[in-house]
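Residue numbers (the numbering used here), protein chains in the order written: chain P, 22 to 637; chain S, 22 to 637.
Since the hints were derived computationally from the structure, they do not count as laboratory data. Don't take every hint at face value.
When chains are identical, the list treats them as one kind, so a pair holds in a single copy or across two.
Computed cross-link-like contacts, DSS-like style, restricted to lysine-lysine with a CA-CA straight-line distance of at most 30 Å [claimed, not checked]: (1) K167 with K450; (2) K105 with K377; (3) K46 with K504; (4) K105 with K459; (5) K46 with K67; (6) K105 with K450; (7) K377 with K167; (8) K105 with K504; (9) K459 with K377; (10) K167 with K504; (11) K450 with K504; (12) K459 with K67; (13) K46 with K377; (14) K105 with K167; (15) K450 with K46; (16) K459 with K46; (17) K377 with K504; (18) K504 with K67; (19) K450 with K377; (20) K450 with K67; (21) K167 with K459; (22) K377 with K67.
Just so it is clear, the structure is predicted and the values come from calculations on it, not from any experiment.
Below, each chain spelled out in residue letters.
Number of protein chains: 2
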Amino acid sequence: MAVTDTLIYLDPDSTLGLQAQIRQKLVDAIMLGTFPEGRRLPSSRKLAEQLGVARNTVVLAYQQLLDEGYLISRERSGLYVNEKVRQDRVGFEGSERQRGALSPRWRQRFRGRSAPEPAFSCPPNWQQYPYPFIEGQFDTSLYPVKEWREASRLALGVREINQWAGESGDADDPMLIEQIRSHILPRRGIQASPDEILITVGTQQALYLAVQLLVDADVPVAVEDPGYPAMRRLLTQRGAPLVHQPVDEEGLVVDERLDSCQLIYVTPSHQTPTAVTMSMARRQAVLALAERNDALIIEDDFEFESNYLNAPHPALRSLDGDDRVIYMSCLSKVLSPGLRLGFMVAAPEVIREARKLRQLMVRHPPLNNQRTAAFFLSLGHYDTFLMHLHDTFRERWIALRRALNYYMLFYVELAPAQGGSALWVRGPKDLDDTFVAKEAARRGILIEPVRHYYASADDAPRNCFRMGITGIPLERIREGVLKLRELFHDLTGNKTETFADARGRHLTGQALRDAVTDTTMICIIAYGDPCTIAIHQGGALVGIAGYSNEDRDQGEWWIENNRWHRRWSRWAWGETGVYDVRLDGDIIKLFDEDGWLIDRAILRRNPVAVDEGAHA
Amino acid sequence: MAVTDTLIYLDPDSTLGLQAQIRQKLVDAIMLGTFPEGRRLPSSRKLAEQLGVARNTVVLAYQQLLDEGYLISRERSGLYVNEKVRQDRVGFEGSERQRGALSPRWRQRFRGRSAPEPAFSCPPNWQQYPYPFIEGQFDTSLYPVKEWREASRLALGVREINQWAGESGDADDPMLIEQIRSHILPRRGIQASPDEILITVGTQQALYLAVQLLVDADVPVAVEDPGYPAMRRLLTQRGAPLVHQPVDEEGLVVDERLDSCQLIYVTPSHQTPTAVTMSMARRQAVLALAERNDALIIEDDFEFESNYLNAPHPALRSLDGDDRVIYMSCLSKVLSPGLRLGFMVAAPEVIREARKLRQLMVRHPPLNNQRTAAFFLSLGHYDTFLMHLHDTFRERWIALRRALNYYMLFYVELAPAQGGSALWVRGPKDLDDTFVAKEAARRGILIEPVRHYYASADDAPRNCFRMGITGIPLERIREGVLKLRELFHDLTGNKTETFADARGRHLTGQALRDAVTDTTMICIIAYGDPCTIAIHQGGALVGIAGYSNEDRDQGEWWIENNRWHRRWSRWAWGETGVYDVRLDGDIIKLFDEDGWLIDRAILRRNPVAVDEGAHA
């Protein structure tokens, strides 16, 4: 019975039950022909013994295979493979396919070769890294399993199957269109009729369709620089002349360089890759420019919901009176990128033309997924999960910002951002992003180098990288940043100040108390916001940060063992920080117990004695 | 409480339960803003009364909305809409979008317009027609609901989600690749390694990818004429010079006209649209020609399994020693076209390039469907359903052929076919396919005109049409053909012979008995096969049809009321046929009770008296 020994190995960790595994393995063996014809199958008792499973498990597996026609039963003789299931196979046993010497030289055959891949790609086993600060990677613990199952079950009702299983020509699921119209677009201020919406296989297909429709070698196109590499590749493939337009803290720069462009590609919600949100003024400006020049705009709104600090701005499409904006987004942020469900919103003429092209490309995105997503939306799960994800990602995002600010203040600066799923980090001048990313990976930290976002790798800064929050759990963030600080420390050869080598007088005892009491520290912050800490006489601390003072906290301070202690209610994880203090003119420097510089601030004596904020 | 009256209408026919419906409607109202802010929701008791449902149903729906954050509960006051769920919406109420006068003139903008749609499209409500002889339409009663649900459930296991939900870059599900390799390709004689397989969004995407990669204005391509219109459109869009190659009863004609082509597109299993299966000789010839001319072949094998009369031939790709064949097929025949799962098998260089292009187009086909299909295959359901479908479609196909042969023998001829899902029907010379299709539709019969399959509509025959069997249940086929005969009868103005006006002597009584006893009728058959009926002295009938006599039946005959009666065991539905008989020289003519000509045959006296086949 060596045959079955090699055939069937049961995986105790499999999600499949034992019976299903036995069935699966037998089907494989039957179809692959590894189970010899005419050979009787082992009795259920024998097989059960060999596999160490209950006999009934084997009996049930055999029974199902009998029902399904894989096996046949011969009276008094036992079970055999039903040769009928193999009869339609065209035989190839023994005839190893011959590769002729004549096979085509493919390189010369390709007429539409694609540009080479971008340099960076996330390691496929990213989930095995303890600190995966990689944007776009999907945290499956956040997947709405139960709710998606419910929606799947509904979409598999017999009436539903009737609607999605057949040839739909080029139509989408009207139920999903309606749900996008009523649940998703209003959040972006967009009104659209059904003939203005097309479902796509992810945002990628929407981009592809728009580029195929609207761009050729005679259409100059503006793209953001740094910007989305796949879009650059699509445009390059069409031979479009590109204008690489810079990005500043308000998003795409709108100036006369755009005047030559017939099409402008822009990611206003969170610029790819800097995550900068385009200001309202800039939105108005780009729309006005487009109108002036009769140009079109592609608005890629893939992360529309993730503003953590302010309410999101309305989409360009919602502000566009001329119907010049082709808007695209996707359901992937909630429903996983693996599902590939996106949509395009544009003038009916554009949708009509895009639909024709889509039909030639793929006919339509799978309708079972469309109907399932429609149920998911209509049952309210999408809204619920959006809120849930939004809260989760906001927590992570703020945690990452805080940790970078606390531990790496003297190494990094962050681009101004109101949300999104990654932070754009500028490191020390002499940093090499690719090298750092590689070294970080060795220590279990994944960060993303950024040069592939630039049109010309030569123009790309070497000292920037991105840290994302979609794949890393909240509780790993602080530790990951700490490990990253160690790496930076090692790489930069201790170039930052430490307690031992820093300038300034070491303050202790009463001198320390006198120096800090009734003062305000004017701090710097990695993400550029203003921040002050008022140190009150009675031991109270009041911290105020942000341009509108929106981030406030309070705490206590005291002196012990000649060190300054502080504990915030929320900031710095509510933990007690213990610092050695040096004063260098009016600059106060705090060093942690390892001698690392944690804070450097201007120290101002409070003008009045009245404690206005101590008990805020 | 008029608010809720208009809000909530419960559909008793919905697949959704009452509780889910209540939840869905409330979510809609909340998100659309039709439920006024600050308004208290009706008590569960009141709402239950209004809707006529159990109070508990409402309580549970409310509870879930509370859990999900749509509603909040204020103590002693009741339930309210949670404004937080609406807070991220960008307001647009009252600001109807203004359409400017400046909106772009789109016609001038489109750089990549698609060719116009083909003329024929199946009515979307085809299922409401009693006789939908339309190919490719999906009979949802054949959908493997239970098995697909099982596979879905497995693919939604937490470990599985981890594998399909995230960004896969450009990779496919390795489990599906393996299943296609081991379960599907061997049936076609194809061996392939994983790097020779690419999953696509239906066969359509495989075609699109191949054309983008291999074709431009400098690459002459051969296509079948008649042939697949979408392929012609794809090639035209790339500007390829086309050679429209005719098709005969062995499939694509292979001759010197193909010598100028660098690429040959062919549908060997069942030619689209004639359903002719390419002969082995022709297969060898096209491969030899391709090798001689260093040309490539695209083999579109969308209906690979459906040979009903003989075993299927091996795919061109399995016979191709030079790796010149790019093979494509799909899972849609079992898993419904709506799922859009296809695959391409080709040299690794081709797959690599196609994968890059696919990434730019759609990244990859949805991975949840890939994993679900992989489970479906690995559990053996695919094979089981393939057998089931094959049997079902064979029955229908044979029933359609039989019915056309019985009722419409003098109106139509069928193209030679061994299977497939449609019959190519040639009607009387003066038929107009479009007109007939329209008239047939009025009588509830859907048939497909064929001129859109031809490169030039002017060259297309007017008197051909297609009748498909994928959408019509077995028990409707005979009736549908009967109705079609009535239509033909009405349209052709009784041009066929009827009993009243036919030539030949009306045989009755002993003359009838003498004329037929111990004779053989040499019949004609609509699908061209030979057929003889031996009429034996003792009242036995033996029928033999097909080129290898593969279709045999036996029956009885007798004379009653001066009419010839016959009853087959299987043929003619095993029913008793009652015929008036005329003899015109050696031509015997049978007329049914309505006077319609049913059979016209040469009558030969049996040479010997020995009854060799009477008790076969």
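- prompt: Are the CA atoms of K167 and K459 at most 30 Å apart within a copy, between copies, both, or neither?
  reply: Neither way: K167 and K459 sit 38 Å apart in one copy and 48 Å across, limit 30 Å.
Same-copy or cross-copy closeness of K450 to K46 [CA-CA at most 30 Å]: Neither: 58 Å inside a chain and 57 Å across chains, both beyond 30 Å.
task: State whether the alpha carbon distance between K46 and K67 is at most 30 Å within one copy, between copies, both, or neither.
output: For K46 and K67, the Cα distance is within 30 Å only inside one copy (17 Å; across copies 57 Å).
field: Homomeric proximity label, K105 with K377: Cα distance no greater than 30 Å
entry: For K105 and K377, the Cα distance exceeds 30 Å both inside one copy (43 Å) and across copies (40 Å).
message: Please sort K46 with K504 into within, between, both or neither, judging by C-alpha distance up to 30 Å.
response: Classified as neither; 46 Å inside a copy, 50 Å across copies.
field: Intra/inter-copy verdict for K450 and K67 if alpha-carbon distance must be at most 30 Å
entry: neither (71 Å within a copy, 68 Å between copies)
query: Between copies, within a copy, both or neither: which fits K46 and K377 at Cα up to 30 Å?
result: neither (44 Å within a copy, 34 Å between copies)
query: Using 30 Å as the alpha-carbon threshold, which applies to K105 and K167: within, between, both, or neither?
result: between (40 Å within a copy, 24 Å between copies)
- request: Have a look at K167 and K450 and pick one of within, between, both or neither, based on CA distance no larger than 30 Å.
  value: For K167 and K450, neither the intra-copy (48 Å) nor the inter-copy (61 Å) Cα distance is at most 30 Å.
field: Alpha-carbon proximity between K459 and K377, which holds within one copy, between copies, both or neither at 30 Å
entry: between (45 Å within a copy, 25 Å between copies)
field: K450 and K504: within-copy, between-copy, both or neither at 30 Å Cα
entry: within (20 Å within a copy, 84 Å between copies)
- prompt: What label fits K459 with K67 when the C-alpha limit is 30 Å: within, between, both, or neither?
  reply: Answer is neither; intra-copy 54 Å and inter-copy 64 Å both fail.
Checked against the numbered hints above, the structure breaks hints 1, 2, 3, 4, 6, 7, 8, 10, 12, 13, 15, 16, 17, 18, 19, 20, 21 and 22 and satisfies the rest.
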